[in-house]
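Chemist: Residue-level listing of the chains:
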Amino acid sequence: MVVSKEEIHKIIENYDPKKITIATVCSHSALQTFYGARQEGFKTLGIAIGSIPKFYDAFPKAKPDEFLVLNNYAEILDKADELIKKNVILIPNGSFVEYMGAEIFRDKLKIPTFGNRKVLSWESDRNKQREWLEGGGVRMPAVIKHPRDIKNPVIVKYFGAKGGRGFFVAKNKEEFYNKIGSTGQKFTMQEYVLGTRYYPQFFASPFKRDNAMQTKSGSVQLMSIDRRDETNIDEMYKMGTIEDMRKQGFVPSFVVTGNVPVVLRESLLPEIFDFAEKTCDKAKELFDGMIGPFCLEGVYTDQLKFYVFEISGRIVAGTNPFISGSPYSALTFDKQMSTGRRIAEEIRYAISINQLKEVIS
Amino acid sequence: MVVSKEEIHKIIENYDPKKITIATVCSHSALQTFYGARQEGFKTLGIAIGSIPKFYDAFPKAKPDEFLVLNNYAEILDKADELIKKNVILIPNGSFVEYMGAEIFRDKLKIPTFGNRKVLSWESDRNKQREWLEGGGVRMPAVIKHPRDIKNPVIVKYFGAKGGRGFFVAKNKEEFYNKIGSTGQKFTMQEYVLGTRYYPQFFASPFKRDNAMQTKSGSVQLMSIDRRDETNIDEMYKMGTIEDMRKQGFVPSFVVTGNVPVVLRESLLPEIFDFAEKTCDKAKELFDGMIGPFCLEGVYTDQLKFYVFEISGRIVAGTNPFISGSPYSALTFDKQMSTGRRIAEEIRYAISINQLKEVIS
Amino acid sequence: MVVSKEEIHKIIENYDPKKITIATVCSHSALQTFYGARQEGFKTLGIAIGSIPKFYDAFPKAKPDEFLVLNNYAEILDKADELIKKNVILIPNGSFVEYMGAEIFRDKLKIPTFGNRKVLSWESDRNKQREWLEGGGVRMPAVIKHPRDIKNPVIVKYFGAKGGRGFFVAKNKEEFYNKIGSTGQKFTMQEYVLGTRYYPQFFASPFKRDNAMQTKSGSVQLMSIDRRDETNIDEMYKMGTIEDMRKQGFVPSFVVTGNVPVVLRESLLPEIFDFAEKTCDKAKELFDGMIGPFCLEGVYTDQLKFYVFEISGRIVAGTNPFISGSPYSALTFDKQMSTGRRIAEEIRYAISINQLKEVIS
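Chains as they are written, first to last, in this note's numbering: chain A, 1134 to 1494; chain B, 1134 to 1494; chain C, 1134 to 1494.
Hints are supplied without guarantee of correctness; some may be wrong.
Which copy is meant is left open, so a pair is good if it fits within one copy or across any two.
[Stated by the list, open to error] Below, simulated DSS-like cross-link-like pairs (lysine-lysine); rule was C-alpha separation at most 27 Å, straight line:
#1 K1417 - K1241
#2 K1306 - K1380
#3 K1438 - K1241
#4 K1371 - K1290
#5 K1251 - K1143
#6 K1151 - K1341
#7 K1380 - K1304
#8 K1187 - K1411
#9 K1380 - K1438
#10 K1295 - K1151
#11 K1295 - K1371
#12 K1187 - K1241
#13 K1380 - K1312
#14 K1187 - K1212
#15 K1187 - K1341
#16 K1349 - K1152
#17 K1411 - K1194
#18 K1290 - K1380
Hints are computed from structural coordinates only; laboratory data are not their basis.
Isolated chain A, as found in the complex (with noise of 0.2 Å):
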């Protein structure tokens, strides 16, 4: 059972708006969020497994004020009361959500987190998110249920593979069926979409914000795009082909390792806003709603069509070169705006009008 929002909503109602702390995992995306929170006047408290990371030294600004050490990630529900009592609000990141177990997170921490944590139910299971994206318009590569079914390129994903390992691209039947071999390992498979990756990133607002486009259930703007760095299938065609390397026993992988920076054609946003609409329209159908960052992973065609393979219902990496602003956020906003400042600067919006309970669960 999702910690339900009636049990978050009471601790809040005690906490003092003048004095809240956010607080995250140091990890991820935390120094942008950590920097961002004191740039709206926030407190800051970082939690660490094993010992305070000595390379937060290097960078004052982002070092939160304080630090929770902990041995290990299961240690936080024992410290509900004691984050509680210093007006903590959780940033839920990438890192965060793993390292804790997403169910975990969901059903069992007690302790009031920005965004809306029902989205962690619909977004790790591949049939709920196509239930929401696709149920709510916007374009996704095909599923292939069956390898005869083969006719186009097809990304094969392992059954709990994780971190950019135990994928592989097919061009064919054949191929498929050369890749997956003898092992009887369960998989699921998708059209394979033949083009360039983007990966822009949203906020959500429940409020009607005034810097930002209008959808049925709040407000929502786009911050910055990037593309991801995936090792090693990134710079494999350096050393021969992927065939060739195979053969040699090394299998492509897909593991993020960093981002670059990128911005979209702009005749291309009309459609990235209208799925970003659409993805937010349908939350609020399914679950209470899409609230704060999320990202939109796909690839462009050269029909210049967006297909979206992914989403992440919450703040992703693929922000942290945009800690001084984006190329996008610097026409929403008269401050370099980050994603992590923009989590902060809703908070405190929220509280100026006296409705954090609208961001927090």
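Using the hints, position chains B and C against chain A.
Modeler: Showing chains B and C alone in chain A's frame:
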């Protein structure tokens, strides 16, 4: 017949220089154009087809003061009087010119336009482009007149090819004959220069600006450099070799979907500035000069020689990563300067010295 | 014999700390060096060969106050007195060192220079570089002593190879023997680490700066991270496989033509900071310490391990995208801080605490 400068100059004699409105179509590089015009104190007007693009609400700093909504681009011709009453100066961009048609833009659009509209004749015709650039001393890939002359890789472009499709590359004569097939389609052919692509964006002024390199005909600045994303060629290698993909019916294409910011090795700057100067000087000789933004699109080989394969004679979308300035513009201007803003700044400057006619045609 | 520190320190005893001039050769990273020096209040002098580079007029904020025009780099040696009279501190960069020759720079150039000139001996010799980095605990690709030991892909570098040519990669032993041919040229060989390239740029201070991570010998900061463009390897795949191209007489090369800004996955920062610290600590042990900018050039594998294949012991051109600061420097400094400016800031700081000798040799 190109709209005569004299006719346009008569129109702007009646303009109130304190009430100029900067206008362009809502696509391509319009966001930075509107934002930049406002930064320089101008009113702005966006020309949109069908309806006001909803996503502009998310970019309030770039949202024009006013929209002119049309059913199609041809209608702009009927709106000349209305636009002239608003003291409009049009900013041509790639979408604007393509959607209207270069000839109609050049010969029929009797509305004051930034830059020299004669450039449209020189950049849209491959032979005239070569007369301009090679004639001026800019290095270009060699033209291959006949397939029997193919000794090195070539890029083949079918007549009427548009938007990144209708090209192919061939490593050698054999591959050329395989790929060209027997369709009898007409084509042109150039040496394929192997190297890394750079798209340096310059700004030519007819004035001897004091923060610019002086040319015979005025002065020139380097605003920024990008690299274009081209789908599907950019990521095709992840699937298999281009030959493999082709066998399966996939045709490599070079459709631009976005842009990545880059910088050039500093020791290479003298050459690209030299090419920019030659481009400006020859333009003066051939057609009264290059005025405003232009881009030399080329390739650096491993011999560190730059080959220009194309010129764009107006603002390119590759300036979009630099809405808050670039590593180069930071060395030239005291303000954050996009190319869009630079256009407005040039108009502002021309007004201040009572020479608006020099930059309008 | 390396120019003695004592001799240089005697020279700067006579320097007027209020009239320091920052000088370097007009190439590589000179624009940010001059701009940054001026931002920190120093006079600037550009050393140019033949004539003053015309394009500097387009970068007035980076144009040095004064030029010293020489016929060749060797002439700098004759200008020592003149430069010393102007209270010059030289900033070494890649072009400066390469054009003069590392040995002449190190042993003959009796002009006060920023940093520790002993580093030149340690980075120009592959064996000493390995003693320094591997000896300090930094992970490097394995050296392969004999072709019979090739089990995985290797990168082979001919003796005297320069500027990105004279390398080749081989997937296996067979390919190695095919490619090495029978020329009898001498070579060295390393494990080829498959992954994505990152070039993190650090700044080592001999002082315990309060916005830096402390090391045994002072402190260290992360300034920025780039990825190098390498022609023609980067875009060769668009033409055909590397094998195909080679058959046709094209040799893959790794000539640097520019740089793309990137960020690294945040969870990988502890490791690169750890490597930076180890680099500094070992430098202290071996040769009185690393002072100023350095870059650990490496590859992240899909096991998320960083392998450093080279170190540059001074400012690299990869800092050029970050003339107005980087996503990392934004977390460290209150001002927009390039590496060029950081050098000037270090000199300014050293003067303020009366310790200029600590950063000059």
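Chemist: For every hint, state whether the structure bears it out.
Modeler: Structure-based check of all given hints:
1. K1417 - K1241: Answer is within: at 23 Å inside a copy they meet the 27 Å cutoff, but 50 Å across does not.
2. K1306 - K1380: both (19 Å within a copy, 14 Å between copies)
3. K1438 - K1241: neither (40 Å within a copy, 33 Å between copies)
4. K1371 - K1290: both (25 Å within a copy, 16 Å between copies)
5. K1251 - K1143: within (18 Å within a copy, 64 Å between copies)
6. K1151 - K1341: Answer is within: at 24 Å inside a copy they meet the 27 Å cutoff, but 35 Å across does not.
7. K1380 - K1304: both (16 Å within a copy, 11 Å between copies)
8. K1187 - K1411: between (43 Å within a copy, 13 Å between copies)
9. K1380 - K1438: between (34 Å within a copy, 24 Å between copies)
10. K1295 - K1151: neither (41 Å within a copy, 59 Å between copies)
11. K1295 - K1371: both (25 Å within a copy, 19 Å between copies)
12. K1187 - K1241: Cα proximity of K1187 and K1241: none, with 30 Å in one copy and 40 Å across.
13. K1380 - K1312: Classified as both: same-chain Cα gap 11 Å, cross-chain 19 Å, threshold 27 Å.
14. K1187 - K1212: within (23 Å within a copy, 45 Å between copies)
15. K1187 - K1341: between (41 Å within a copy, 14 Å between copies)
16. K1349 - K1152: For K1349 and K1152, the Cα distance exceeds 27 Å both inside one copy (32 Å) and across copies (38 Å).
17. K1411 - K1194: between (37 Å within a copy, 24 Å between copies)
18. K1290 - K1380: both (20 Å within a copy, 25 Å between copies)
Checked against the numbered hints above, the structure violates hints 3, 10, 12, 16; every other hint is satisfied.
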